[in-house]
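Asks: In the order they appear, the protein sequences are chains A and B.
Here the first sequence is numbered in numbering that gives the first Met the number 0, starting from 0 and rising by one per residue.
Here the second sequence is numbered in numbering that gives the first Met the number 0, starting from 0 and rising by one per residue.
Since the hints were made in silico from the structure, they are not lab data.
Check the hints yourself; a few may be wrong.
Capping the alpha-carbon separation at 25 angstroms, the derived lysine to aspartate or glutamate pairs in DMTMM-like fashion look like this [to be verified]:
(1) A:K392 to B:E27
(2) A:K127 to A:D192
(3) B:K113 to B:E179
(4) A:K472 to B:E14
(5) A:K359 to A:D314
(6) B:K166 to A:D393
(7) A:K364 to A:D426
(8) A:K392 to B:D196
(9) A:K392 to B:E48
(10) B:K166 to A:E542
(11) B:K93 to B:D231
(12) A:K364 to A:E416
(13) A:K199 to A:E340
(14) A:K472 to B:E108
(15) A:K251 to A:E357
(16) A:K210 to A:D198
(17) B:K40 to A:E440
(18) B:K143 to A:E416
(19) B:K105 to A:D393
(20) B:K40 to A:D441
(21) A:K485 to A:E542
(22) A:K413 to A:D393
(23) A:K472 to B:E37
(24) B:K104 to A:D393
(25) B:K40 to A:E480
(26) A:K392 to B:E179
Pulled from the structure, derived: some chain A residues nowhere near chain B, Cβ distances all over 12 angstroms [claimed, not checked]:
(27) Y96
(28) C145
(29) P225
(30) A388
(31) E423
(32) E440
(33) R442
(34) Q541
(35) A549
Which residues of chain A face chain B? A partial, calculated answer using Cβ under 8 angstroms [stated by the list, open to error]:
(36) P376
(37) F380
(38) T385
(39) R438
(40) G477
Note that beta-carbon positions come from the ideal geometry of N, C-alpha and C, so glycine has one too.
These are the residues of each chain, in order.
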Amino acid sequence: MKLFFALLQQMSVFLVIAYLFSKSPAFRPLTGETLRPKHKVLLYFIFSAFSILGTYFGLPINDAIANTRAIGAVLAGIIGGPLLGTAVGFTGGLHRYTLGGFTAFSCGVSTTVEGLFGGLVHLYLVRKGRSEQVFSPGIAFATAFCAEALQMIIILVLSRPFANAMALVDVIALPMMFANSAGAALFVSIIRDQKNMYDKFGAIFSARALKVAERTLGLLSKGFAPETPDELAKIIHQETGVGAVAITDREKVLAFVGNGSDHHRPGNPISSELTRRAIRENKVIYADGVRERFTCALKDKCGLGSALVVPLRLDNEVVGTIKLYEPKHKLFLNLNRTLGEGIAGLLSEQLLRSRYEEQKNLLIKSELKLIQAQINPHFLFNAINTIVAVLRKDTERARDLLLHLSNIFRKNLKRSEDLATLEEELDHVRSYLKIERARFEDRLVVERDIDPTLLGLKIPTFTLQPIIENAIKHGISGILEQGVVKLAARRENNRVVITIEDNAGTYCNEGACEGLGMNLVDKRIKNLCGERFGISVTCTPQEWTRIAIAFPAEGCQPS
Amino acid sequence: MIRALIVDDELHAREELQIMLQEIGAFEVIGSCANALEALKVIYRERPEVLFLDIQMPVLNGFELLSMIDPDLMPHVVFVTAYDTYALKAFEEKTLDYLLKPVEKKRLEKTIEKVLRALQETAHPLYESPGIRRIPCVFANRIKLIAPQEVELVRSELSGVHVVGPKGEFFTDLTLRVLETRTDLVRCHKQYLVNLDQIDEIVLLENGLGEIHTKSGRVVPVSRRYLKTLRDSLKL
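Please construct the entire structure, taking both the sequences and the accompanying hints into account.
Replies: Below, the structure written as structure tokens:
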């Protein structure tokens, strides 16, 4: 009984060392899912050391040593497989052999066998698909128990004289079997707890990173607006829990949230040398608050003591920084440092994407301008010529036409918005048609069939006018007969369809030259209302051309 | 008084120019036409001395109209256009003048001086004009445009000039002379033009006459006078 307690005591020392080990960096390999050869070598040394320690801490009894050597070998086997188990067992056994005594040989052999036995249990568990049980204390207990039982048998078989061996086993068998099993189980449970903690820690970290990613992506997908940096800073501040968060461009602070926001104001020029250095050298600058301190250049009593400055890059050029601060009394968590760098990387990606989107929109806008610029001089000339001629005969009508002309140009200038109601579009078109009707007189007739419930529908600006202009310029104006333009808007199969039909039927002959304006309108509709909508053209040569423009039933939503 | 014709597809433009010309007083506006086809008829009928011609018009544009006017009737031509899309400078040499709409009175007076001077030199100027790509024909109440290469033969009768192609016979306002000079059709008889690519065989008759059989089996007479030129064009 005394021996039993002595072994337990010895085991406790052992467990303290195991606990310390679990807190050391050497433990890291065990937190992974699979062991690499490099890690196995490390584990070999660690477990061999445990095994040898087990022998040293042992109590000499009857020219033999009651010990906890088996724990190292068995665990090495269970965790690392037969090879590692055997290697550790052999090392521990060899060491025991060199210490002498009548059980030297049998103990050497048995320790090796115990390591191998642990390894076989590992193999068994893996083959059965129960590898998660490798870190089960129960399995460790049972394995160590059986292994020790095996050792007793080996001692009985190999040690001479048999009577001495029998006497020894009689004394040490139970205490050693229990002590080693309990030790192995506790050791494994320490490892398992530590491992779980790592996993949980990783999961929390991942969850936070994903949450930040999700929230910032949502924000940035709406494009980069003036208030975006402020909202971004708020999100990062909330999710990381750091003392303060700032976002800057290359010159000034765009947003600041958290401690010190009383004197770190958005709009201020960048005051911190750290930030300027991060921008200049295009690298992450970290002032941990111990070796390098963050000192506020604005206010002596600023509570912030450490900072991480991560450059925001666009095409590898620094366009700004994200800064995470902690107050003087708080340590800058390594976790937040990694998170901060990750967020900056994510934002850089997003910036690139939103710039791409912005450029795409700009391109469409400038194409639209180009079309207007192309059309306007001709239209203007024709309109002025008509008005000059009408002026001589009918000043009242000329006045009316001038007002319509002014309406058209005012709207062209004023409407920078993407969307307008159908009514506004029709008003624009009405003025346009008034002038064209004056130009062509009875050569142009316009028929309208507009469902009045659709007047409030939102559609992209400058959708109708270019199409009608096409119908007149490339259709009606080219035929000798009277030209008829039919303009209709109605609901159709859960969509709204606006049709513009002329009786020239020239689209099929010269579709190519109408391409630019029409493609652009189509592109804009697809861009603003969805890919399913836009323009389709049908035509019978010399008879009619029909342009159908489809919109969502509920109109297009402002982005 | 100089007899002028205005051709423009826009009513107000025609009226405006007419009023200005009348105000200046040197002109008698004998008509104003809304398209080239109308104009062609009036030109043949009224033989104006000056043509104020818009370029952009339905079906046939101003340049095409020019190429369809018989050289013997060719009036002096002033282009009137709303914008300089046609690199008008290049045509300045080829026609008398060009005016940009809205027409300024002072500018118009300059043009009139030019017209008066030109009229003293010659009644019918010679303008370079491109070949005819499409022959305007009247069919029922429609205008049909036939490419010269599709034409088999052109026949002139008392009732007018008929263009014969695979789709039938169509009446045209163009004269044989214009078609002869501005297309690849070849004169084979006082009253006939033929498309050389459509000839199947030429049968030589007595008295130096001949007969052309076209690929579709139509027969075209060849007069003594034109047999030689026909041979020359066919390099026989």
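Asks: Next step is simple, just say for each hint if it's right about the structure.
Replies: Tested hints:
Note on A:K392 and B:E27: the hinted pairing holds, with a Cα-Cα distance of about 21 angstroms set against a maximum of 25 angstroms. Annotation: proposed proximity of A:K127 to A:D192 holds, straight-line Cα distance about 24 angstroms (limit 25 angstroms). A threshold of 25 angstroms between alpha carbons decides the hint, and for B:K113 with B:E179 the separation of about 31 angstroms lies outside it, so the pair is violated. A hinted pair counts as satisfied when its Cα atoms are at most 25 angstroms apart, and A:K472 with B:E14 qualifies at roughly 22 angstroms.
About 17 angstroms separates the Cα atoms of A:K359 and A:D314, which keeps this hinted pair within 25 angstroms; it holds. The hinted pair formed by B:K166 and A:D393 fails the criterion: a straight-line CA distance of about 49 angstroms is larger than 25 angstroms. Of the supplied pair hints, the one linking A:K364 and A:D426 holds, its CA atoms being roughly 22 angstroms apart against a limit of 25 angstroms. As the CA atoms of A:K392 and B:D196 are separated by approximately 55 angstroms, the hinted pair breaks the 25 angstroms bound.
Distance check on the hinted pair: A:K392 and B:E48 sit about 28 angstroms apart at the alpha-carbon level, beyond 25 angstroms; violated. Note on B:K166 and A:E542: the hinted pairing holds, with a Cα-Cα distance of about 20 angstroms set against a maximum of 25 angstroms. About 31 angstroms separates the Cα atoms of B:K93 and B:D231, which puts this hinted pair outside 25 angstroms; it is violated. A C-alpha spacing of about 11 angstroms is found between A:K364 and A:E416, which places the hinted pair at or below 25 angstroms, so the restraint holds.
Restraint check for A:K199 and A:E340: satisfied, since their Cα atoms lie roughly 21 angstroms apart, inside the 25 angstroms limit. Distance hint between A:K472 and B:E108 is unfulfilled; the C-alpha atoms sit about 32 angstroms from each other, more than 25 angstroms. Taking the CA atoms of A:K251 and A:E357, the gap is about 22 angstroms. The hint holds against a cut of 25 angstroms. For the given pair, A:K210 sits about 18 angstroms from A:D198 by alpha-carbon distance, which is consistent with the 25 angstroms threshold.
Using a Cα cut-off of 25 angstroms, the hinted pair B:K40 and A:E440 holds, with the two alpha carbons roughly 23 angstroms apart. For the suggested pair B:K143 and A:E416, the alpha carbons sit about 47 angstroms apart, so the restraint of at most 25 angstroms is broken. For a cut-off of 25 angstroms, the pair hint linking B:K105 to A:D393 stands: about 24 angstroms separates their Cα positions. At most 25 angstroms may separate the alpha-carbon atoms for a hinted pair to count; B:K40 and A:D441 meet this at roughly 22 angstroms.
Distance check on the hinted pair: A:K485 and A:E542 sit about 13 angstroms apart at the alpha-carbon level, within 25 angstroms; holds. In summary, the hint linking A:K413 to A:D393 is not supported, as the alpha carbons are separated by about 30 angstroms, beyond the 25 angstroms threshold. About 21 angstroms separates the Cα atoms of A:K472 and B:E37, which keeps this hinted pair within 25 angstroms; it holds. Restraint check for B:K104 and A:D393: the C-alpha separation of about 20 angstroms stays at or below 25 angstroms, so the hint holds.
A C-alpha spacing of about 18 angstroms is found between B:K40 and A:E480, which places the hinted pair at or below 25 angstroms, so the restraint holds. In summary, the hint linking A:K392 to B:E179 is not supported, as the alpha carbons are separated by about 45 angstroms, beyond the 25 angstroms threshold. In this structure A:Y96 is separated from chain B by more than 12 angstroms, as the shortest Cβ-Cβ distance comes to about 106 angstroms. At roughly 100 angstroms, the least C-beta separation between A:C145 and chain B is larger than 12 angstroms, which holds for a residue marked as non-interface.
With a closest Cβ-Cβ approach of about 43 angstroms to chain B, A:P225 is found to remain outside the 12 angstroms limit, as its non-interface label requires. A beta-carbon of chain B comes within 12 angstroms of the beta-carbon of A:A388; the shortest separation is about 3 angstroms. At roughly 29 angstroms, the least C-beta separation between A:E423 and chain B is larger than 12 angstroms, which holds for a residue marked as non-interface. For A:E440, the shortest C-beta to C-beta distance to chain B comes to about 5 angstroms, within the 12 angstroms cut-off, and the non-interface label is violated.
The non-interface label for A:R442 is inconsistent with chain B: the shortest C-beta to C-beta separation is roughly 8 angstroms, within 12 angstroms. Against the 12 angstroms criterion, A:Q541 falls within the reach of chain B, whose nearest CB is about 9 angstroms from its own CB. For A:A549, the non-interface assignment is confirmed: its Cβ lies about 31 angstroms from the closest Cβ of chain B, beyond the 12 angstroms cut-off. Given hint, A:P376 at the interface with chain B, holds; its Cβ is 7 angstroms from that chain's nearest Cβ, closer than 8 angstroms.
Because the beta carbon of A:F380 sits about 5 angstroms from the nearest beta carbon in chain B, less than 8 angstroms, this interface hint is met. A hinted interface residue such as A:T385 counts as satisfied when its beta carbon comes closer than 8 angstroms to some beta carbon of chain B; here the least separation is about 5 angstroms, so the hint holds. About 6 angstroms separates the beta-carbon of A:R438 from the nearest beta-carbon of chain B, less than 8 angstroms, and the hint is met. Contact between A:G477 and chain B, as hinted, is supported at the beta carbon level, the nearest pair being about 5 angstroms apart and thus within 8 angstroms.
When each numbered hint is compared with the structure, violations occur for hints 3, 6, 8, 9, 11, 14, 18, 22, 26, 30, 32, 33 and 34.
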